[in-house]
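Chemist: Let chain C serve as the given structure and place chain H with the ligands on it in line with the hints.
Listed in order, the protein sequences are those of chains C and H. So the first sequence is residues 1 to 269, counted in the working numbering. So the second sequence is residues 270 to 629, counted in the working numbering.
Please keep in mind that the hints were generated in silico from the structure rather than gathered at the bench. Glycine included, C-beta positions come from ideal geometry on N, C-alpha and C. Be aware that a few hints might be false.
FRET-style restraints, in silico, Cβ to Cβ [what the hints assert, rightly or not]:
no.: 1; chain 1: C; residue 1: S80; chain 2: H; residue 2: H315; range: 44 to 52 Å
no.: 2; chain 1: H; residue 1: L442; chain 2: C; residue 2: D32; range: 52 to 60 Å
no.: 3; chain 1: H; residue 1: R421; chain 2: C; residue 2: I90; range: 22 to 30 Å
no.: 4; chain 1: H; residue 1: T467; chain 2: C; residue 2: S80; range: 44 to 52 Å
no.: 5; chain 1: C; residue 1: D82; chain 2: H; residue 2: A342; range: 37 to 45 Å
no.: 6; chain 1: H; residue 1: P425; chain 2: C; residue 2: A259; range: 44 to 52 Å
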Amino acid sequence: MSTPVPQVPVSQAPILEARGLVKRYGRVTALDHADFDLMPGEILAVIGDNGAGKSSLIKALTGAIRPDHGTILFDGQPVSFDSPIDARRIGIETVYQNLALSPALSIADNLFLGREPRVAGPLGTLLGMLDRPRMRREARAALSSLGLMTIQNIDQPVETLSGGQRQGVAIARAAAFGSRVVIMDEPTAALGVKESRKVLELILDVRAKGLPIVLISHNMPHVFEVADRIHIHRLGRRHAVVDPRAITMSDAVAIMTGAMAPPGEARAA
Amino acid sequence: MSANETPPRAPADFEKVAIGAQATVATFKEETPSLLKRIQHLLHVHPTAIPALVLVLSVAVFAMAGGQRFLTAFNLSVVLQQVTIIAVIGIAQTIVVLTAGIDLSVGAIAVLASMVMGKLAVTAGVPTPLAILIGVAVGAACGAVNGILVTRFRLPPFIVTLGTWYMVFALNLWYSDSETIRSQDIGETAPLLQFFATAIPIGDARLTYGSIAMVIAIALFWYLLSMTAWGRHVHAVGDDPEAARLAGIRVERVLMSVYIVAGIVCAFAAWMMISRYGSASPQSGQTSNLDSITAVVIGGTSLFGGRGSIVGTLLGALIVGVFRNGLALSGVNVLWQDFAVGALIIVAVALDQWLRRVSQ
Ligand SMILES: Nc1ncnc2c1ncn2[C@@H]1O[C@H](COP(=O)(O)OP(=O)(O)OP(=O)(O)O)[C@@H](O)[C@H]1O
Ligand SMILES: [Mg+2]
Numbered sequence: 001m002s003t004p005v006p007q008v009p010v011s012q013a014p015i016l017e018a019r020g021l022v023k024r025y026g027r028v029t030a031l032d033h034a035d036f037d038l039m040p041g042e043i044l045a046v047i048g049d050n051g052a053g054k055s056s057l058i059k060a061l062t063g064a065i066r067p068d069h070g071t072i073l074f075d076g077q078p079v080s081f082d083s084p085i086d087a088r089r090i091g092i093e094t095v096y097q098n099l100a101l102s103p104a105l106s107i108a109d110n111l112f113l114g115r116e117p118r119v120a121g122p123l124g125t126l127l128g129m130l131d132r133p134r135m136r137r138e139a140r141a142a143l144s145s146l147g148l149m150t151i152q153n154i155d156q157p158v159e160t161l162s163g164g165q166r167q168g169v170a171i172a173r174a175a176a177f178g179s180r181v182v183i184m185d186e187p188t189a190a191l192g193v194k195e196s197r198k199v200l201e202l203i204l205d206v207r208a209k210g211l212p213i214v215l216i217s218h219n220m221p222h223v224f225e226v227a228d229r230i231h232i233h234r235l236g237r238r239h240a241v242v243d244p245r246a247i248t249m250s251d252a253v254a255i256m257t258g259a260m261a262p263p264g265e266a267r268a269a
Numbered sequence: 270m271s272a273n274e275t276p277p278r279a280p281a282d283f284e285k286v287a288i289g290a291q292a293t294v295a296t297f298k299e300e301t302p303s304l305l306k307r308i309q310h311l312l313h314v315h316p317t318a319i320p321a322l323v324l325v326l327s328v329a330v331f332a333m334a335g336g337q338r339f340l341t342a343f344n345l346s347v348v349l350q351q352v353t354i355i356a357v358i359g360i361a362q363t364i365v366v367l368t369a370g371i372d373l374s375v376g377a378i379a380v381l382a383s384m385v386m387g388k389l390a391v392t393a394g395v396p397t398p399l400a401i402l403i404g405v406a407v408g409a410a411c412g413a414v415n416g417i418l419v420t421r422f423r424l425p426p427f428i429v430t431l432g433t434w435y436m437v438f439a440l441n442l443w444y445s446d447s448e449t450i451r452s453q454d455i456g457e458t459a460p461l462l463q464f465f466a467t468a469i470p471i472g473d474a475r476l477t478y479g480s481i482a483m484v485i486a487i488a489l490f491w492y493l494l495s496m497t498a499w500g501r502h503v504h505a506v507g508d509d510p511e512a513a514r515l516a517g518i519r520v521e522r523v524l525m526s527v528y529i530v531a532g533i534v535c536a537f538a539a540w541m542m543i544s545r546y547g548s549a550s551p552q553s554g555q556t557s558n559l560d561s562i563t564a565v566v567i568g569g570t571s572l573f574g575g576r577g578s579i580v581g582t583l584l585g586a587l588i589v590g591v592f593r594n595g596l597a598l599s600g601v602n603v604l605w606q607d608f609a610v611g612a613l614i615i616v617a618v619a620l621d622q623w624l625r626r627v628s629q
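If we strip away everything but chain C, and leave its shape as in the complex, we get (with noise of 0.2 Å):
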């Protein structure tokens, strides 16, 4: 079942990688023997269909849910997530797909969320007290790297922000504190397309760094457009995996829907 996958030859170990992943509530398998692998610096782009388990594998890796059975890998070493905490101490950040923001707190509250920076000295040490200027500032500078600043108000709360907006501040959110990987889910299914473009180019800036990412998208031009590689899950599993260069995408969609049998090379499982 998890036999190495060949795929496009990389050299390197994976920075993040799951073997034989399940996850089932009640009746639904939502995530049946799944594997993954991330490559350092690369650009990982997962599609499938509605309710193919991408959602799931991606909190099954950064430990918003706890799989059933399976091993999750990190730096080549078996690591065990109990809450998106741990995941997120040692540098893998998530936009997951329902953006995980508090409605009523503010722009730069959330983008803060669970690690609030204080002011120096004892009224910070003691008192607890947030740095809110320093708070706001890099809030604004997260933003306007998006493009997003026509925002006004970064003190307005997120529940008043549009759709597309609220999916800037997730990401900015994530690309400012990710420092070993980077996860996207459906990052632009919300945005229009200037803002769609400014989310590519911010993807590409964060591989510019060094930084893997891993894009579930179901919009085929954007991923084929960034992905270095294409993995394609299908039925709770990943199904193939193939390269965005020597595929075309009617054949990335035909096998992700299961119309056309994978190519030998690239089959997964």
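Modeler: Relative to chain C, chain H with the ligands alone:
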């Protein structure tokens, strides 16, 4: 690989995303909103503006209706004394409600803590500071029980605290033998328990230490909730617990801390209760559960969690106090005081619902 290539075999899957996805491209130009919309937005950003306005208006109305007797420094200081305990218990209630919970046991915890403090200090001869400390520990323990039941056993806060309310009240009757500790005895052996009754005269007004302590407590919790990470986490947990968890917040730990802190705050309210009534009675504070919820709701804190403020709770307690006092001075039958408070609650919740619609 052209960008507008259509997959020949399965276009439906390709396009499925577009159906679920929001079709609107983020637009930033808004049409000029109506006045009502603008007010809605303003109040949404400054939720305490409503209770503040209501308080000012009701003071103005009673000043005109009640005439000389209402708007005196003395009478207003009486109102302040009357709302002190509810405002402090309201702090405990506010932090629980911010997490989208509710604490029906706050009043019972306060009474139990007051009986522990009183009985230990007066009957058992324990040094008063130690008795107070033990009372605070009892409050914290009651809060911890609530917290464990809510987090570990995942029971709804309403049911948990309804249950602990009965249990704590029964413990209180058992522990106190249903006997009141008399004011005189407390005054003789443990005057520290009456500390908060000490008053500073300012003109005609009598500003008690209790009122001052209440204002300090409100300020402290305002700071904790709005200026510290803990406060942000309390809001986030009440707002959307799953989002908070994914964002790396230890939701259960935050909830646990909230219920324990609420218990501790109730124990401080217990000390103030002994000061205010002089005695410690197992039958006192029967209405403080509902009164604290009333103050929280009128103060604009949403029962759905995530939004609200501690200053609002103080304002809410003051509004109720002003209504009761003003109506009484105007010679209105007590039953209409209750009627007015009931109407206030419903108006406050209706406003909250209206404000929440801003985001939809
Ligand atoms: N919390 C849950 N409880 C029950 N079933 C779940 C839960 N989460 C996911 N599932 C099921 O697991 C399967 C995979 O879901 P998942 O969200 O991983 O799909 P996906 O590939 O991300 O789909 P999409 O493209 O629509 O986002 C689906 O059948 C879904 O119904
Ligand atoms: Mg998904």
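Chemist: Of the hints stated earlier, which fail here?
Modeler: Per hint list: 4, 5 violated.
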